[in-house]
Structures are given as structure tokens and as C-alpha cells.
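Asks: All chains, please: the whole structure from these sequences, using the hints.
There are 4 protein chains.
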Amino acid sequence: MIHCGIIGATGYAGAELTRLLLRHPEVGALSLSSTSFEGQSIEEVYPNLAGAFSKGASKGDGRLLPMAEVVAASEVVFSSLPHGLADETAAACLEAGKLFIDLSADFRFGADEATFSKWYGKPYGRPELHALSVYGLPELNRARIAKARIVGNPGCYPTCAALGLFPALRLGLADPDWVIVDAASGVTGAGREPSRSTHYPEAADSLSPYKVGEHRHGPEIAAVLSEMAGAPVGSVFTPHLAPMGRGIVSTNYFRLTRPIDAAGLRAEYAAFYEGERFVRVLPAGACATNRNVRLSNYCDISVHVGADGRTGIVVSSVDNMVKGAAGQAIQNMNIALGLDEAAGLAALPPAF
Amino acid sequence: MIHCGIIGATGYAGAELTRLLLRHPEVGALSLSSTSFEGQSIEEVYPNLAGAFSKGASKGDGRLLPMAEVVAASEVVFSSLPHGLADETAAACLEAGKLFIDLSADFRFGADEATFSKWYGKPYGRPELHALSVYGLPELNRARIAKARIVGNPGCYPTCAALGLFPALRLGLADPDWVIVDAASGVTGAGREPSRSTHYPEAADSLSPYKVGEHRHGPEIAAVLSEMAGAPVGSVFTPHLAPMGRGIVSTNYFRLTRPIDAAGLRAEYAAFYEGERFVRVLPAGACATNRNVRLSNYCDISVHVGADGRTGIVVSSVDNMVKGAAGQAIQNMNIALGLDEAAGLAALPPAF
Amino acid sequence: MIHCGIIGATGYAGAELTRLLLRHPEVGALSLSSTSFEGQSIEEVYPNLAGAFSKGASKGDGRLLPMAEVVAASEVVFSSLPHGLADETAAACLEAGKLFIDLSADFRFGADEATFSKWYGKPYGRPELHALSVYGLPELNRARIAKARIVGNPGCYPTCAALGLFPALRLGLADPDWVIVDAASGVTGAGREPSRSTHYPEAADSLSPYKVGEHRHGPEIAAVLSEMAGAPVGSVFTPHLAPMGRGIVSTNYFRLTRPIDAAGLRAEYAAFYEGERFVRVLPAGACATNRNVRLSNYCDISVHVGADGRTGIVVSSVDNMVKGAAGQAIQNMNIALGLDEAAGLAALPPAF
Amino acid sequence: MIHCGIIGATGYAGAELTRLLLRHPEVGALSLSSTSFEGQSIEEVYPNLAGAFSKGASKGDGRLLPMAEVVAASEVVFSSLPHGLADETAAACLEAGKLFIDLSADFRFGADEATFSKWYGKPYGRPELHALSVYGLPELNRARIAKARIVGNPGCYPTCAALGLFPALRLGLADPDWVIVDAASGVTGAGREPSRSTHYPEAADSLSPYKVGEHRHGPEIAAVLSEMAGAPVGSVFTPHLAPMGRGIVSTNYFRLTRPIDAAGLRAEYAAFYEGERFVRVLPAGACATNRNVRLSNYCDISVHVGADGRTGIVVSSVDNMVKGAAGQAIQNMNIALGLDEAAGLAALPPAF
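Keeping their order, the protein sequence lines are chains A, B, C and D.
When you read off a place in the first sequence, starting at 1, and then add 2, the result is the number in the numbering used here.
When you read off a place in the second sequence, starting at 1, and then add 2, the result is the number in the numbering used here.
When you read off a place in the third sequence, starting at 1, and then add 2, the result is the number in the numbering used here.
When you read off a place in the fourth sequence, starting at 1, and then add 2, the result is the number in the numbering used here.
There could be a bad hint or two in this list.
Intra- or inter-copy, both count: the list cannot distinguish identical chains.
Said to hold, decoys possible - Listed next, the in silico DSSO-like pairs over lysine-lysine satisfying Cα-Cα at most 30 Å (straight line):
id, residue 1, residue 2
1, Lys149, Lys61
2, Lys124, Lys213
3, Lys57, Lys149
4, Lys213, Lys57
5, Lys213, Lys120
6, Lys100, Lys124
7, Lys149, Lys100
8, Lys61, Lys100
9, Lys149, Lys124
Hint data in this document are derived by calculation from the structure and do not stem from the laboratory.
Replies: See below:
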């Protein structure tokens, strides 16, 4: 049984990791760290978890400890800190032979420090680690993840958009010159801290684009799409805040490089993702929506062609907190440790 | 491994049973019936379940069969039909030695046919069965459920209100003369059929009382409260439709029979429910809310005393589709079959 | 044409006053004050108002000025500051012959300083003013408001509950010994400042009781109900936060003092409120809901009797920002200035 | 004072027309027709309107009459029937010298019967009328509307997208070869009839693309954009259903034909729409959202350039029931009758 540690356990991604790892069949112990709530129990911070640690057989006592204690106790360390703080912990884990999975942006850009520092305003603390780290999108990098000791867990929007565009780009069906990623996220994507834009009376009943042309997931999307295409992809990304809790819906547009109808394009997608346990290519007539993937690790994809006959329209959807964060991190752990890739991720999305 | 059958699998309670039983560790096979969708796969009706039957190791093929086939194949039959249709199937199951768990109102009134027929407009089809059946509220009737072959699964509002009032009534802390149950349900409580009041533009952003003084759960609440008190309880029940998906919040008022403060009343509740795995009595300062029980089988209870010092105010909350329907039905099955009472019900409520 | 001033114009009540007074036919000029945003335009703080001042014929320039300037310029001063800060401004207005309408709690308790200071933690700054002030519930105090120079605008919950109970108490139909007010408010009731409980991912899809037995509107409700009854009323008040923007729904319970059915009770209510332009007593079969009063100054009331035949259940609903705050403040101004009571309040509630 | 008639008064567009015309200062009488509710009062069908006709000074009695009576009584006829039913009434109005404003799709395609019949499955009943009719988008066709007797009120999505793209296309800033219109609508856009996709438990908390490549507003958008550009525009349109009541947000993408930054593009837009009373071009830093236009006739537009420097991204937003339907219809009436264009449309959008 594995001993897992979570740094930043009281943020939303940390809380979701906690919930999922408590029910992971291979995880025997769970240690939690939080700067803001050190010394308290996570059951006080998240009353939905009341009794999860304190009652009956458990994987720990739910106490929020200093970071160093959690790292020392754990074989696998999940880090969910603000951007720019992970390098030292990653180094310590690497040295101690632990698996380090980072949910911030710190290890998403590999050796490309220039892009990271431009968009996140900080240099790499330990550049040599970034050459070793792997971008943790299993459908793209499964083999590399299996050998990795440092995994940069992808952003939520990039996970969703990249899975939606992967077949079209890899198979040369999409013109890489100009790809549009128009995506919307539920408000959990903004994290746990209250703010004006997440204040219920202003977020409810409202769809709001934000950071148009300026969102930090833009360069991450460009990088992963280019890797998928094997050539530079000109992508334009526009995020929206949608009045819902969980979920991302990404509507992706590209010019088809050859005549193909929706059925043909869908068949290419279905064949491409054959065998992927968390990607569901939907049948004709269905559209991907966050409704059908909530609380699961699935990415649903629906494939369409525009009325103009020359535009591919692919809708992809994930739960931003699961496949877009905590679930994918666990999937990465499973791969890196040689476990069943779906261990702890069996939850079916509820219909309502 | 158990073979379960669900009659009425495409209604909301049936769909929730399907989702939960697919992950129940003691259930090996699942047969589904639906009148409206016979011959289709449940994956078509509920695309959230795509692949749950058709991909990988499964508990069946998800095909929607005629009722008789499902009954014949199953050791445990869950029935979720409109009220008044269960008696014949119950009789057939009883004769064949199967466990029958009914999610309609048909077996909630035991031998009291008068009340059932007054509120549901039908006589009992097989009155003799109702003398044998047990009202499936485990916290009240666990020992009887363990021996039952026909279980009447309680209504969602009655489950929530009764668990909130049980200690006060049983311990004589509440004056039974006048108890107020003011409760609100999410819109899933109205079931799968679209209607004016569940049309998004009219249900959203609106809190609406309905059937004031006329709701069928009123007499069921009165009956269970009276059984708990060991004497007639004068209860008034007002339901509201709240703009949320899942969950019931019941705010229950009663006159205290002796001076006691909130801490004292809370201590009585905590002691009373000691050992109950699905009831959580909250600490001082917390209020029960559907947020913290969603998608779980928990009933959260917060205990308060009014500013007047003489009014007990107990807030109880359940997920109407889990503890208020499908989850409690599974809990009843577990008890009746001698399984771990929590088998298949381990899901933790998500924080968001 | 009247020159109105708003102190605290960038809070939610202030913003709503601004929106309504901009379209009030008797208001010719509007001066606004805000501590937090002094020097900015209200159009920057509230982009929904873009152009309302800066484009075309207008009632000012929308600039947020120091409080003293606003008071000096205005004939009517609406004050919407945090509790405990209004006395000095009220005194200045009184001396200068201006009408002062306060939307905080400061002038809601009249001469009863003890209750105010117990619940709000402050003594009166100018006790003599409070003997002069009038509680601004027009249906109760219209004649006194007509002569008032200082009006304490009622709280949102008290407005809603009191209008729902007024006929029953005044007509002696309700036993005053024990009245239950179970009410829910939309999240705008919490004001403009973001917080944990108003954070969209935690407020959405959730109904949460709060401050049970401890809410400051409890004593205000007790006071106004007692004034209505002409005798002390034992009231218990429980507020809930509901996942909606605007609106309060108050479900009020009382013991009937004599046998009367729902039709009879409804007829008493209808006769009592005959001639009130903002109270609508609904016909049999309808239930009051915030949906039908949103963005209007209406209070809808539906009248029911419990299945026990001895409990009156009256549901009342207002828009907390209009009849529960800004609209009622304007109604009070209209009365105090001898204008048409409905001037500026003609907006019909939208259906959706 | 004008006598207006509404055919199809109990649909959502009809109900919104009723609400707005009741407060239009130049409208003296209002006659209503409904097939489904003939003989009832609209106050029964829409209880938000309780008293609007029956109490005090009014514009009629709210009774729902046969269509012929409404046409006979009215000088201006608004028709909001299902598609394909307007021609005969339009002909009757034309002959009688009445103004006819149609809110269905029947008169949106002018002389292009081929496109209409392809997408709506019906030929024109009276082809000669369509050559006379005007597409009622005032910002494009104001002069023609002023002389029109038959106005085809635009669809909600086309109104929103076209206003967002008009300056870029007319000024030659957008490459017309490939324009992407990615838009989301609140659920009121689906109308008053309940359905699976508008059932609250399935529409809430979910963003769902629908009719991808197949929506009937696609050809209408193509037509109006082409007219704006003076050349064929290759447009791709994807609608989404968003969990909100009112509002459309359209995120529109195009390739810039010459180097220009966001400030420059925004300045072009601001100059282009100078003098338009219902179009607000937002300042830098703001994004258009349905929140800020709700219940008003405004179209808000924010102008951006992608991180690639070559993509124009323009976000436009309207209230689908006002500028996208009833409000624009009234604006068209005002223009056609020579009234103040904003008469009856002065409502400011609420902040919350």
C-alpha cells in the first residue's frame, strides 16, 4: 500500500485529491499539508469530509501538517501550490527517490524556460529538473510518464483542448495554421479564494469571457498542440467563465486539409482513441457536454463538420477538477507506479 | 455475487440505482427494465453511462428488458414504478424467495390501507403483503429490515425529516402536539419528466412552495414521526422547490418539553446516533446543508435552540437521490442480505 | 424636480437605488457618494450602468463624491452605510430640513435603544433622533411616514415576514404565542463583498440555513410583529441562503385562534390589503414565489391552512433589493414628499 | 396613442412584448391573442403580471382573444407564431395599412425563398410580400425600416453576432473567407415549452453545444454578414445552451486583413457605432457579458486581438428576449412610426 502526501491540501485541487485518494484501493496512508490551516483537521475546513478520517478505518488522522513532514512521510508527493514554488520540493523528492507530481504550472513547459518565465514572471529555480520532467498527459506521453519521477500535471483547459485536437493534428486532418479553441470553465476553475468575479450574485446567470488573448493556458495549449502536430500550430484560445460548478467545454475549430464528412472524421477519432479508457468518442447526434463527465476522469469528444463542409468542429469536455486536475494526477501516479491506470478512478459520472 | 434487477431503470431513481449498483462490490450482475425504452441500451438513454456496460468487464449488457425477464433473472428486485403498481411483482418475488425493495409509496404505509388509499387514490392490490412489509428506514427499523422480504423504501422528505426529529421525539424532548417540518428539495425530486415547474427558465433562480398542506409525504411524515414518538404527532409539512439539482434541507421546529440549551440538545442527538454510519450530527457552529451530503448516503443534522429558548430547531439534510432513494434502497438490501451495511455506499460527498 | 443623494452608492442597495432613481419621473438630479470608490464614476464600478450618466440627457455625471458634498447638494438623502454610522448625517439633514431615509438598521428600533445596542453592539449616537424617526413600512405606518423627516427603512426579511403576518395578527386570527418565520434569501442579501459563503462554487446548488437563532433580523421581526398584534408576539426566525440572486420567500406558520378554512383566511387577507398597490394576495391554487416579484416593488402573499386544519401557513415574497430595500426606500420618499406612492416603481416583474 | 396587438402573446417573446408595451409611453391599448389559452386572462398564464391589466389604469383587460379580433383592433401587429404561419396575416395587415412586425423567421430572408424553404421546410405563402419586407436590424437598415410596413425581426443569435461583426466586415478589417461565430444562449431561447434539454436537472450546471453545423440561425447569420460585407462571408456558427435564463454571448473570430492592435480595432468600432443608442463599445479591459445587458435593449461589444496578433476577437452580448426579440421589435415599431427610437426601451440593466 502506498503512502501519498498532498501539499496544498486545502485548495480545491488538493481537496479533490484528498477525496479521491481516500477511496483509492492502493493507497494506504495519506498525509496532508496546508500553510493556511496548519494544525487543523481537513474535516473542519471541508465539512463534506466529516468523519472520513476521524471515524472508522482510515488512512490517517486528517491533521494538516507542515510541508516537510508530509514530504518525509510520503512515497508519492502531489504538490498543489501557487505557481513558482515547486522546484525545491521536486528536487528533494527526486533525491529521495519519491515520485513528484506537480499540479501547478511549474513543470508544464519542460526545458522551455523562456515561455514559462514570460507568462509566469519567474525563472526556473532548478532548470536541470525541468529537462527530466514529463508533461503528464497520458494519452500523449504514457510511455514517458511510466519512467518519470517528476510529472507536470497539465492545465485544465490544455487537457481538454489538446485531447479534442490530438487526432486531427496527428493525422494531418487539421491545417495547423489557425486553430481556434473557444472554451468555458465552471467557477471551481478559479479556485477556493473568493473574489469579485466568483461572487455568486455576479457569477450566476452570466457567461463571461475573460483574459481574452492573455490567459496563461494559451502558450501551454500552443505548446502541446505543436507537439501533437509535430510542427508549430497557430492557436487562438479564449476562455469563458460559465455559471456552473465543475467542467470545461472546449469547442475547437480547424480547417480540414482534405474533404471528409462528419462520419469520416468521427471514425478517424474513434480509431485513434481505441483502447483509451478515459476518452469517449461520442456517436453521431450527440454533443460533448460537461454534464456527462462530471466527477469522473472521462474526456468526452464529439466530432462535427461545419455547414461549410470545410471546417472541423470538435467539442471536448472534461471535469476540470478530475481529468483536468486531481484525477489526471492520480492517473499519472498509477502509470508511474505500474498500477492499473484506472485505479481509484472508477467513479461513474452521475446523470444529474 | 448477487444478481440485482431494476424495474423502472430509466427514471431518476432507477438511473441512480444503476450507477451505484455498477460499483457495488457484492453485485455481480445487473438486469434492467424499462417500459418506455425497452430494447434500447441504458447507455443511449443516459449518455453519462457510456461504456459502463459496453466496455471492459461489466455486470451485463445494459439492454432494457421486459419486466418479467428482469424479475426472473434477479435475486434482488428494486422496483421504481409509478405508485400503485408494485403489489403483483412483490407477490411474485415473495413466492420465489427474492428480496423485493419498492421505491414507490406502495409499501410505505404497512397495514394502514386507509391512509394509502386516501392519498394515493387506490386500494391495496394484495393487502396481505403489506402486513409483512417493513418501512425501510434503517435507523428506525434495522432489525425488522434484516428479516424482511418486502421493503417499502421511504420517501425523500420523510427520510430527511424523520431522521432530524427521531431523537427529540423518542427521548421526549419535543412536544408532539405541533411539529413544523419546513423542507426544500432540489428539482431532481420531481423526476425525469419535463414539466412547466421544472422548465429551467421557471425553476432557476426561484424558490417555490408547492402543494402546501396537500403533499403526499405529509401523511407519511405524520406516520413515521408518530411511530418514533410512540404517540400521535401533530405535524405540519410544507415542501418547497429549490433551484438546485440534488438534495433536501428540512428545517424542523418543535417546542421543547424541558429547559435545555443547544449544547445539551446536541449532545443528546450525538449520543442517540452514536454508531450510525450514515448520520452525522454536526458540531456547534455548523448548519446542515445539502452541499455537504451530495452524492453520498449521509444524513447531516445540525441542532439549534431558538432565541426564545424554548424552541428546538433541527436542520437535517440528505441527497434525495441517495439516502432519500437509491442509496437507502441499497442500504436496505445490504441489511436484508447480511452484507456490510455500507457496501457500495462508500462515496464521499464532493466539496463542490 | 427633486435632487436626491445616495450615501454608500456602490453597495448593492446603493446601486439599486441609483438604477431606480435614474428612471424616477420626479427626480431631476442624483448625487452619489462612496468611500471606497471616491473620485471614480459609478459607471466604472457598475458597467451595467455604462452610459446611464455619461450619454445623453442625464441626472448628473455619476462621479462618486465625498459624503458631505452629497448631503449638501440633496433635498432627500438615502443612506446605505454599515450599521451604526447614520446618526450624525441624520442630525445634519434634520437640521437642514432634508428628508433622511436610512437603509441600515440604525433607525429601525425607534426608542428601543436597548434592543438595538444588544444586537448591533453600539449605543445610539443621538438618542433624541430615534424618538422622531419612523419605521418605514408603508402598509403599517403610512400616515406617520407622510410626516416623517427620518425614516428607518425596514430590513428585507422583516418586510417580507411582517407583510405576510400583518392581517392574521391584527385581526386576531393568529395565536401570538408562537409564530414561526422560516425564510430564505437570494445571495444578493449578503451584499457586494465576496466571502466564503457567497463564493459561487459553494453557494450554487446549495440551500444553507445560517445564524439559526442568532440573526439580527430576529428582534426586528419580533418588534414589528408585536406592534402589528398590539401585544408581544413570540416569534422564531430561521434564515436560509438560497442559490438565487434576488428575492426572499418567507413561509410563516401560526396557530389559528378560531376555525377557518383556507378560503376564509384568504378572504380576510384580501380584504385587509384592499387598496394596497404593492401587496398582491394570490388566488387559491397559487403559491407566492420570488420569481413573480423580481425587480418589482410587489409583495406577493399566498394563504393556506395546514392539513391539520388548525395551522395558518402564509407564504410571502419580495424582491429583497426592491421592496426589501431600495424600492421601499423610494416608496417612503414618495409618501413623505406627497408624491404618487408608486412613482418610479412601475416596473413589472419579468416572467423569466 | 397607439393600439398594439400581439399574436402569440403567451409564448416567451409574446409575454416579453406584453410586459414592455404595458410600460411604453406611446401605447394606449394592447390586444392579445393566444391559441392555447384563448378566453383566459394573460394574468392567469403569467402570474408575474397579476394586476397589470386588472388593477388601476390599464391598457386593456388582458383577455386572450382570437387572432382575427386582435388584428382588427390594432394599428400595429406583432406576430410571434411558429415559423411559416405569418404570410396571411401580413397580407391582411398590409392591405389594411397596419404595421406588421413578425418575430418568427418568415420575413428574415427577404426575396431569398430558396434559403428559407431549405431550412424551414416550407415555401413562401405570399412571395410578393417578402420583396417588400425589411430585415429589422436598425443599425443596418434604419432608413428602410422607417418606410417599411412588414418587418422581419431578426433572430437572437444573428442580432448578436451581426452587431459584433458589422464594423469589421463593413470596414474591410476582417477577411470574409472564414469567420467563426461561437455563441451561447440562456435557456429562455428555447421558448416556453418544457423539453428534455430544458428540464432543470439536465440544463442546470451544464454547457451543451447543440445542432452543431445544423442550426437554422446559421444561414441567417451568413446572409446578414454577407450583406454587411458587401460580399459573401464564409461563416461557421456553433450555438451552445448555457445554464442561465436570459442572454446571448457571441465570441466572434476573424483574420485581420491588416496589422492593427486591440486599441486600434476598438477605436474603429467605437467610431463606427458613434450615435447608436443601444450599442455600447466597451473600454479596454472589459469583456462583454450578458450580465450587463439583461432586461435592456443594449448590445455590448468588447474588442480584442489574439495573442497571435492577427486574429480579431470580438465579443458581443444581448438579452435574447429584448434586443434579441421583443425589444428590437419595439425599436422597429418606433422607427417605422417615427417615434423616439428608444421609447419604451429605457430600462437600465440591473447589476444583479
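Asks: Are the hints correct? Go through all of them and say.
Replies: Cross-check of the supplied hints:
1. Lys149 x Lys61: Answer is within: at 27 Å inside a copy they meet the 30 Å cutoff, but 34 Å across does not.
2. Lys124 x Lys213: within (20 Å within a copy, 44 Å between copies)
3. Lys57 x Lys149: between (37 Å within a copy, 28 Å between copies)
4. Lys213 x Lys57: between (44 Å within a copy, 28 Å between copies)
5. Lys213 x Lys120: within (16 Å within a copy, 40 Å between copies)
6. Lys100 x Lys124: within (25 Å within a copy, 58 Å between copies)
7. Lys149 x Lys100: within (12 Å within a copy, 51 Å between copies)
8. Lys61 x Lys100: within (19 Å within a copy, 38 Å between copies)
9. Lys149 x Lys124: within (28 Å within a copy, 63 Å between copies)
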